[in-house]
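Chains as they are written, first to last, in our numbering: chain B, 1 to 324; chain C, 1 to 124.
Since the hints were derived computationally from the structure, they do not count as laboratory data. The reader is advised that the hints may include incorrect statements.
[Stated by the list, open to error] Subject to a maximum C-alpha distance of 20 Å in a straight line, what follows is the list of computed SDA-like cross-link-like pairs (lysine to any residue):
hint, chain 1, residue 1, chain 2, residue 2
1, B, Lys219, C, Leu66
2, B, Lys219, B, Trp257
3, C, Lys72, C, Thr40
4, B, Lys219, C, Lys6
5, B, Lys254, B, Lys188
6, B, Lys254, C, His35
7, B, Lys254, C, Glu54
8, C, Lys88, B, Asp222
9, C, Lys29, B, Ala224
10, C, Lys69, B, Ser252
11, C, Lys72, B, Ala224
12, C, Lys69, B, Asp221
13, C, Lys29, B, Val226
14, B, Lys290, B, Lys275
15, B, Lys219, C, Thr40
16, C, Lys72, C, Ala119
17, B, Lys254, C, Lys6
18, C, Lys6, C, Met98
19, B, Lys188, B, Phe171
20, C, Lys72, C, His35
21, B, Lys290, C, Met98
22, C, Lys29, B, Ala292
[What the hints assert, rightly or not] These stretches of chain B come out as covered by chain C in the derived footprint (C-beta under 8 Å, 3 or more residues):
hint, stretch
23, 220-230
24, 244-258
25, 299-306
Glycine included, each C-beta is placed from N, C-alpha and C at the ideal position.
Okay, here's what each chain looks like letter by letter:
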Amino acid sequence: MPPDAGLRVRFWGTRGSIPVSMTSAEIRRKLIATLVRAAGRALDTPEKAASFLEREVDFAVSHTFGGNSSCVQIVTGSTDYVLCDLGSGARVFGNDVLAARGSGDHTFHVFMSHVHWDHIMGFPFFLPIYTPTNHIRIYGCHAELEDAFRRQHAAPFFPVDFAGLSARIEFVRLEPGREYEVAGLSVKAKLQHHSGDSYGYRFQRAGRVVVYSTDAEHKQDDLAEVQGFVEFFRDADLVIFDSQYSLAEATSIKEDWGHSSNIVGLELCQRAHAKRLCLYHHEPLSDDHKIAALLAETRRLEEITRGDRRVEILAAYDGMEIAL
Amino acid sequence: MDLTPKRYADTVVLATAGRIDHSTSEGFKTALAPHLARCTAGQDRILIDLAGVEYISSVGLRVLMLASKQAKAQGGTIGVAALQPDVKEIFDITRFTMVLNVFPSVREGLAQLSPPALAAFDAT
Ligand SMILES: [Zn+2]
Ligand SMILES: [Zn+2]
């Protein structure tokens, strides 16, 4: 893809707080629901079965929203890779790169929202760090960025010390509000409310804008702060947004827990004239049906509160890809 | 944002109208404050009549949440009633129906909050 073509976004990890995995009981429930639905149908080829799944089985039954923690790739068309966060999804991403393009001679640019464990835990299993010809640049606004990665690799937490990693690994400290050019993208960070602070990133190229804003609580009564986020999300083609809690939770028992809701995401996107809102950092307690219901409700809310512009609502799942 | 108060025995029904969003919620909060101050154990109960409200945003819902918390802390009771269908859906989707007292109508709200208030309402 030439670098002037549109951006694509690929989700490798979409779960909040801790990775989750589906149980046998859940898989069994999905299979039973599908088989009952398929009764009497002549699904005698893989193609017929695939098209039946696609057209006639609910997404929450035929798919899963996935279980890896935060990791999102911005596909720019250049040979350098651009990522947000290194949660457990980074392990799958690293394996994919190895399989498709071999183990060495790659450059990765990674933008870190913050260094909570669910956002760095994929790094020790991100295989490109063990190949000397790879170059990994980790960008972030936290003073303790490098230290957090080093500590995760130190005894007794992990058998291989950071000093033993063979790739060239650099840490690049960014200043929020300043515009940087990385891998052909212009990128700007913004401070967000979260325990220990987190930062959102706004990526832009040739009029296409992707905002990655996770692990952020929005204080709705602070009008200046809200306006700041409206500007940060302004005219974005895609806003990837932490919607871990319901609004009622986020404004009551889980106030100050550092996460937001589908509702606040929608309101910010509506005011910012963003085109798409992607629900992200899913609550680990939520199963596929619950996330599918959250998506349906958010779409309904968008419908009843729509002004003159529509916001398309998506719910991220591991493996999802969006072309902008 | 205006609140029109109407007293039925120990309960004050506050009617409001329009959109409760980022531009009006501060006014809504200010208008609610004096009524809220009297919403204590043994004093007034509050029922907010939302029949005229066509939209409420997260910041408006937050005002209701804080009002409900304050009332509870003072030993008082607060509820909302007569939501338009779209507003009722907003309450459902945000899960606010699970954390606030939501009543289908003012009459049903009064019936739950205070029998003397219901009697006064039915007498008018
Ligand atoms: Zn997180
Ligand atoms: Zn976090």
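Each hint tested on the structure:
{"no.": "1", "hint": "B:Lys219 <-> C:Leu66", "in the structure": "13 Å, holds"}
{"no.": "2", "hint": "B:Lys219 <-> B:Trp257", "in the structure": "12 Å, holds"}
{"no.": "3", "hint": "C:Lys72 <-> C:Thr40", "in the structure": "8 Å, holds"}
{"no.": "4", "hint": "B:Lys219 <-> C:Lys6", "in the structure": "33 Å, violated"}
{"no.": "5", "hint": "B:Lys254 <-> B:Lys188", "in the structure": "29 Å, violated"}
{"no.": "6", "hint": "B:Lys254 <-> C:His35", "in the structure": "27 Å, violated"}
{"no.": "7", "hint": "B:Lys254 <-> C:Glu54", "in the structure": "28 Å, violated"}
{"no.": "8", "hint": "C:Lys88 <-> B:Asp222", "in the structure": "26 Å, violated"}
{"no.": "9", "hint": "C:Lys29 <-> B:Ala224", "in the structure": "18 Å, holds"}
{"no.": "10", "hint": "C:Lys69 <-> B:Ser252", "in the structure": "9 Å, holds"}
{"no.": "11", "hint": "C:Lys72 <-> B:Ala224", "in the structure": "30 Å, violated"}
{"no.": "12", "hint": "C:Lys69 <-> B:Asp221", "in the structure": "16 Å, holds"}
{"no.": "13", "hint": "C:Lys29 <-> B:Val226", "in the structure": "18 Å, holds"}
{"no.": "14", "hint": "B:Lys290 <-> B:Lys275", "in the structure": "24 Å, violated"}
{"no.": "15", "hint": "B:Lys219 <-> C:Thr40", "in the structure": "28 Å, violated"}
{"no.": "16", "hint": "C:Lys72 <-> C:Ala119", "in the structure": "24 Å, violated"}
{"no.": "17", "hint": "B:Lys254 <-> C:Lys6", "in the structure": "35 Å, violated"}
{"no.": "18", "hint": "C:Lys6 <-> C:Met98", "in the structure": "27 Å, violated"}
{"no.": "19", "hint": "B:Lys188 <-> B:Phe171", "in the structure": "17 Å, holds"}
{"no.": "20", "hint": "C:Lys72 <-> C:His35", "in the structure": "14 Å, holds"}
{"no.": "21", "hint": "B:Lys290 <-> C:Met98", "in the structure": "17 Å, holds"}
{"no.": "22", "hint": "C:Lys29 <-> B:Ala292", "in the structure": "35 Å, violated"}
{"no.": "23", "hint": "220-230", "in the structure": "holds (count 4)"}
{"no.": "24", "hint": "244-258", "in the structure": "holds (count 6)"}
{"no.": "25", "hint": "299-306", "in the structure": "holds (count 4)"}
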